[in-house]
Each structure stands twice: as structure tokens, then as C-alpha cells.
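If you read the sequence shown in UniProt numbering, its first letter stands for residue 1, the second for the next number, and so on.
Hints are supplied without guarantee of correctness; some may be wrong.
Quick list of in silico lysine-lysine cross-link-like pairs, DSS-like style, CA-CA up to 30 Å [said to hold, decoys possible]: (1) K247 <-> K285; (2) K260 <-> K285; (3) K173 <-> K195; (4) K417 <-> K365; (5) K260 <-> K365; (6) K260 <-> K227; (7) K417 <-> K227; (8) K157 <-> K117; (9) K15 <-> K260; (10) K195 <-> K358; (11) K497 <-> K285; (12) K417 <-> K260; (13) K15 <-> K227; (14) K358 <-> K497; (15) K157 <-> K15; (16) K323 <-> K497; (17) K117 <-> K173; (18) K11 <-> K260; (19) K260 <-> K247; (20) K247 <-> K358; (21) K323 <-> K358; (22) K323 <-> K417; (23) K247 <-> K195; (24) K323 <-> K247.
Rather than coming from a laboratory, the hints here were simulated on the basis of the structure.
None of the values given here were measured: they were computed from a predicted structure.
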Amino acid sequence: SLLISAFTNVKDITKSITPYFDNNNSHSLFYLDLAAGQKRLGASSLAQAYQQLGDVVPDLDNVEYMLEFWQIIQSAISQDLLAAYHDISDGGIFTTILEMCIASQAGATVNLDFSSKQSLAVLFSEELGAVIAVTQANCEQFNQLIEQFALSQHIYKIADTDLANDLSDKTLKFIHNGNQIFAQSLISLQQQWSKTSHLMASLRDNPQTCNQEFALIGNDDQGLSPKVAFNFDESIIAPYINTSRPKVAILREQGVNGQKEMAMAFHRAGFDSYDVHMQDLLAGKINLMDYQGMAVCGGFSYGDVLGAGKGWANSILFHQATKQQFRQYFADSTKFTLGVCNGCQMLSALTELIPGSKHWPVFVKNTSEQFEARFSAIKINQTNSIFFTGMQGAQIPVAISHGEGRAVFASADVATKANITASYVDNNGVATASYPFNPNGSQFATAAIANTSGNVMIMMPHPERVFRAVQMSWHPQQWQHNSPWMRMFYNARSFVK
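Make a model of the complete structure from these sequences and hints.
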């Protein structure tokens, strides 16, 4: 097999297309058939399901069609005509459209009358091609675009999306040769589509959390539902533009990998970000008191072999001069500290040095027993955290990436006295222990916690990875520049006098 890797510049990363189409609008689905009607089944998933190999495999018989396909897709993207895109791959057009409907939580009635081939071949052939979604308002312009290409004779409108409000009414139907050959509810299909992965995960992971996630299929959940009342594009640091830029120490250790995005977030908020390595502190080359703030970054210090963040913390606690330097820094309430992920885990082991942190939890292995990399919603609580000033009540999605993020308190009484600044919530904004909304099983839904004075905060989620809207894997269309998380970095700048 010939494997070719290629790289190119991307002029505008905001013009990215996914299989998801906004189900608040009506769309038409178009099938772009690069095989010009051929439906070869050799080595297909269908053949494998029948324990066969097949005879003839799909091929690219007309290279010009591939070139035109590229030109059509790129032109449609540049003209904002495409709402969604999915290539034809394993499982053929049936699986392609099913996955688009699952992502969009919308049904569709698909007409396959463009082909006179046998129905199974039309549904499951893996010939080169793609299915795209175009809003019905853009269909005329899209048809005008493709007229200039020879491939247009093999581009077919095959469906209009079904916008039934009740998930249980959403159905995927296929019509061929004038007859309905398939119809099944989206719930049932999604359960079947997910079943193999669910069974494998149940053997590998915690079966209880696997079952909780699988049970969400069909509960008509509204999905991520951000709620933000403040204007996060407003630059609240305007009064400080003509003043000196405070210095923030971006602290890292061997194995830490989140320092660059952390430095950039603080830089955009009006700080001068300084790369500070633990070895420089241990060698006495740098003094933390020279900085107005400190950000302790995420990653895998010492490979987490001593427990996540524990080795890093011990390098401070067992070095007398460095330990005293951290104690002196934390004692100054005019300075701030933010610990994220591995930095959160590390700082949670330094409570003897941090005033007002005796109620902090420890962070242990996730309840799912797996590394969790998700986009989860957290809600900002009403507290005195200097980072969350003016953000209280907001419900914001954020990047999650950790294996030992479960917050465990010494007791329920200790937890009630803790300054929990943010909580994991479900898509209705309710603090929850349920997986996957609470991705690690943290007690009392703890996503972030501060010391009693609010100037030192630790959190397992990664706001520094999503302070710009374009960094998010999904966001509301009206979020164009900053994300709401930029406000917490602006707040840090406002705190420094």
C-alpha cells in the first residue's frame, strides 16, 4: 500500500467543517460520487460482516474527478456554503449519514434512486466520495457552483433533514427504487453504533461509569448549553494599558507540557510571562518574590510515577531553601497563584505552605479508571476567588485532560467548609456526580477550589487551552474572538495593583 503524508498552510482555521449540522436549520444532503456510479464491495465492512473478502475493491478511475472534488469543496468552504461534511469510508453511505445524524441529533429520509445498483451495494459500498450538508437557503448557490465541473453529473441531492423536536420521533429512512428499504429510530441506531465500543470499554474500564454514559443515549439531552451573562469580549484591563506589565512566573518541571498556552493567556491579559523552571528555583537562580503572580502548569511531572504532582511537590518540601521561598511567596496575599491539572495536583500537596488551604482535597485516580480527555461543562460558583470575579453563575465548557483528577476530601464536614469555586454540572446546569458530566467522579462536583482569601486557586480543567473561541472543539457561533475563559486572566490582571 502506498501511504502519502502531506502538509500545507491553513489560511483560516475558523473555516473548518465537521459532520455536525446545526439542527435549528433545515438542510439538504448532497452525495458526491467520485466512482461515477460504481459500487464495488471488495474488502468492505459489509463483506467482512458476512466473513467474505469480495472480488473487486473500490478504486479511483478518474483522477480528474478527485481534482474537481477538491476544488468544489474548497470553493464551497470559502463561500460559507457547507454546513457539514463527512467522507464515505467504513460502512459506506449508510454509516456516513448515520454518523452525521447522530452528531446532529436529527433524522433524515435518504433517497438512493440515483443508482440502479442492488440496494446493499448502494448502502454499503465504500467507493470514494462524501456527503455534505447545505442549508436550504444556500442550495441554489451551491448548484450554481458545481455546474462548471464535470463531476456535477455525479452529485446528487439525496435528503432533507428531519427537525423533529422529540428525539424519539427522529428516524433514519432509506428509499431505493421507489420503495422504503430501511427505517429505524435514531435512538436505536445510536445504541447499536455505540454497543461494540461500550462492551469493550466495560471490560477495560469501570463498568458502572460505562453504563452511565451508554444510558444517556435517548434521554433527549440538550447537549452542551453554555450560559454566560457577562461580556467576555470587553477588555476590563483597559485602565492598565499605559502602566507597566506585571511579571508572572510560568512554573514548570520535567514532564510539564502546558506552559506555552498558559504564558500566552497571561500575556494577552497584560502580563509579562516568564518561563521559570524548578531547577532554576532549586539552584537559587530565581526568586519567586520578584513576581506578582505564579501559574503552575499542567502535564506529567516525573511521569506521575510517584503519584500525579507528588514528586514535584516533594522536590519543594524536601529542599529547605526552596520550601521557605514558597512559604514566603504564599504568605503575601497581594500575590496570586493559579494551579492547573498537574499544577493543581502539585499545589494540593503543599497545603502546609499555603494559608487557608487546609480544607483542600487530594486528587486521586478517576472513577472511570481511565485517562479522561473531554470537553465538559463547569459552573462558576459565588465565591471570593480573584480569578472568577464577575463570572459567578456562568456555565462554560472547558477542556479536561487527566487520569488522576478525582477530588477526595478528608470528610464531608471538611468539604462543606472548602472554598469550591467551580463545579462540574450536567447540561441543565445542575452540579452532578454522574459520569461523564463529572468526568473524574470528584466529590461534591469539585472542579476548582481556592484558599480562604481567594488569591490561590487550583483546578483540574484547562481554561488556558480554551481562552480563545477558535481553540474550542465546539462553541456557539456568536463566540468569535475570546472565549469566556479569557475573563479569568483579565481578572488576575485587575487584581494586581
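Taking the hints in turn, this is what the structure says about them:
no., hint, in the structure
1, K247 <-> K285, "holds (16 Å)"
2, K260 <-> K285, "holds (21 Å)"
3, K173 <-> K195, "holds (21 Å)"
4, K417 <-> K365, "holds (23 Å)"
5, K260 <-> K365, "holds (26 Å)"
6, K260 <-> K227, "holds (28 Å)"
7, K417 <-> K227, "holds (27 Å)"
8, K157 <-> K117, "holds (17 Å)"
9, K15 <-> K260, "holds (24 Å)"
10, K195 <-> K358, "violated (44 Å)"
11, K497 <-> K285, "holds (26 Å)"
12, K417 <-> K260, "violated (34 Å)"
13, K15 <-> K227, "holds (25 Å)"
14, K358 <-> K497, "holds (27 Å)"
15, K157 <-> K15, "holds (23 Å)"
16, K323 <-> K497, "holds (26 Å)"
17, K117 <-> K173, "holds (18 Å)"
18, K11 <-> K260, "holds (22 Å)"
19, K260 <-> K247, "holds (16 Å)"
20, K247 <-> K358, "holds (28 Å)"
21, K323 <-> K358, "holds (17 Å)"
22, K323 <-> K417, "holds (27 Å)"
23, K247 <-> K195, "violated (52 Å)"
24, K323 <-> K247, "holds (21 Å)"
Going down the numbered hints, you'll see the structure goes against 10, 12 and 23, while the others check out.
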